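Peer 1: In the order they appear, the protein sequences are chains A and B.
Residues in the first sequence are numbered from 1 upward in steps of one, following this note's numbering.
Residues in the second sequence are numbered from 1 upward in steps of one, following this note's numbering.
Watch out, some of these pointers could steer you wrong.
What the hints assert, rightly or not - Computed beta-carbon distance windows for the label pairs:
1. A:Tyr-33 / B:Pro-30: 50 to 56 angstroms
2. B:Ile-28 / A:Lys-218: 46 to 52 angstroms
3. B:Ser-111 / A:Pro-141: 56 to 62 angstroms
4. B:Ile-28 / A:Leu-45: 51 to 57 angstroms
5. A:Lys-79 / B:Lys-57: 22 to 28 angstroms
6. A:Glu-46 / B:Phe-89: 30 to 36 angstroms
7. B:Asn-101 / A:Leu-21: 41 to 47 angstroms
8. A:Ile-220 / B:Tyr-55: 44 to 50 angstroms
What the hints assert, rightly or not - To be clear about the criterion: a stretch of chain A counts as covered by chain B if any three or more of its residues have a C-beta under 8 angstroms from a C-beta of chain B, and this derived list gives those stretches:
9. 50 to 59
10. 128 to 138
If you're looking for bench data, these hints aren't it; they were derived computationally from the structure.
None of these values were measured; they are calculated from a predicted model.
The C-beta atom is built at its ideal place from N, Cα and C for all residues, glycine as well.
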Amino acid sequence: MEENFLETIFLTLKLASVTTLILFFLSVPIAFYLSRSHGFFKFFLEIFITLPLVLPPTVIGFYLLILFSPEGSIGIFFKELFDMKLIFSFPGLVFGSIIYSLPFMVQPIYAGLEKIPAQLIEASFLMGKSKWQTLFKIQLPNCMPAIYTALALTFTHTMGEFGIVLMIGGNIPGETRLASMAIYDSVESLNYQQANQYSLILISITFGLLGLVHFWRKKILNR
Amino acid sequence: MNLGDFVSISGVSGSGKTTFLKILSGLIQPMNGNIRFGDQPWLDTQKRFLLSPKYRKIGMVFQDYALFPNMNVLDNIKFAAGQSFNENFLRDIIDALGLENFLTRFTYQLSGGQQQRVAIARAIISKPQVLLMDEPFSALDETLKKSVLSFIYDLHQKYFFTTLVVNHQISEINAFSNQFLKFEGEKLVAYLPKMEYGFMVEGIILAKKMVDLEIYQVSVSYQGHTFEIPFPAKEAGKLQVGDTLKFGSISR
């Protein structure tokens, strides 16, 4: 096992956790907006959110590289305001992951909200509740299976991200070296045993998480 | 609508009864028209005015109950009650509707009839000024139906809820109604106003229903439309099926 094996695994889990947490709070309002509106803006938003699902990660990575670079608009903004470097840094990876994993959080929550019978929401409105009270007391608690799915998919998907890491992250141990990057690196240097170690860890965590979510969903849906 | 009315709505399924209730409650906005409750405007499409459903103080019993699956029975009722509610009134409702034994159960663990009673409890806990009920007794057996019905009528008398009930078929609740609406082909086709206005209508007794309440099922023609309404037998005297009945002088 290589020297900073655990460090790399830990960094991968940290990135996945931070991304999942931020994305959750970002995606609930987006999904709520999508479930309520029918406008032209919704049309664009839906396409924009689906894009990361189908585009090669290298395309997203390429544009993020341009934007995040010290000469890029977002790069300059963060440099001036927070003295923060986005390229080849952990915060940059978080930004990239948020865009990359956005559909995996928004889509399940959106679908979950859509599936709630309209009458539940109408009943809540007639009881004088606001749309936010209705969201937090009725809509979200009644789409927990969808939320579990969204959290698990986002977490595991972020853990396995590679294309964007390659473009904007690089391979700095403890800063941007993720498990997927380490696997690529190991194979490049013909260290198959190390690649296997990283791969097995990734598979185990992913399998465990998906299993857990499957179990929770079953428990809720079966009652 | 007026304060304290008890309106019975009939019509075949798909004729717009539920839509009518949703328009009254503000859940659906019609293209044009206006709604007034007493002297309070609720909707006026010409003035582009709409009173939000949450200010209308409406209690609604949905056709398929619309109970919240994430809450138990008591929480469902308390959620409807909001911040301030009367603990005694809650007790009364729980007793009258026989909900005592499953307050901590979740709604998906209840039978249809039990869910329906929770839905009724939830609609009246906030003492609404208008109570809308969409087939509220469809899953209750005869005994329960009678006790729930008389409880609602008592509340109606006591708190003066304006009450609108949708009934798929003619039912006992119509006996308490002072107005009748009939829907057909997605339109309101007939309106039988309060009897006490002193107009004369003729009815033929079709059958005797609910022996212990002594109610006749009477067929009444008004402005070319036929309503089947129940009529309390004690006011009509001893009558037989097939007899003709004259309304008008009798205040209901």
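Peer 1: For a quick check of understanding: which of the numbered hints are violated here, in increasing order?
Peer 2: Hints 1, 2, 3, 4, 5, 6, 8, 9 contradicted; others consistent.
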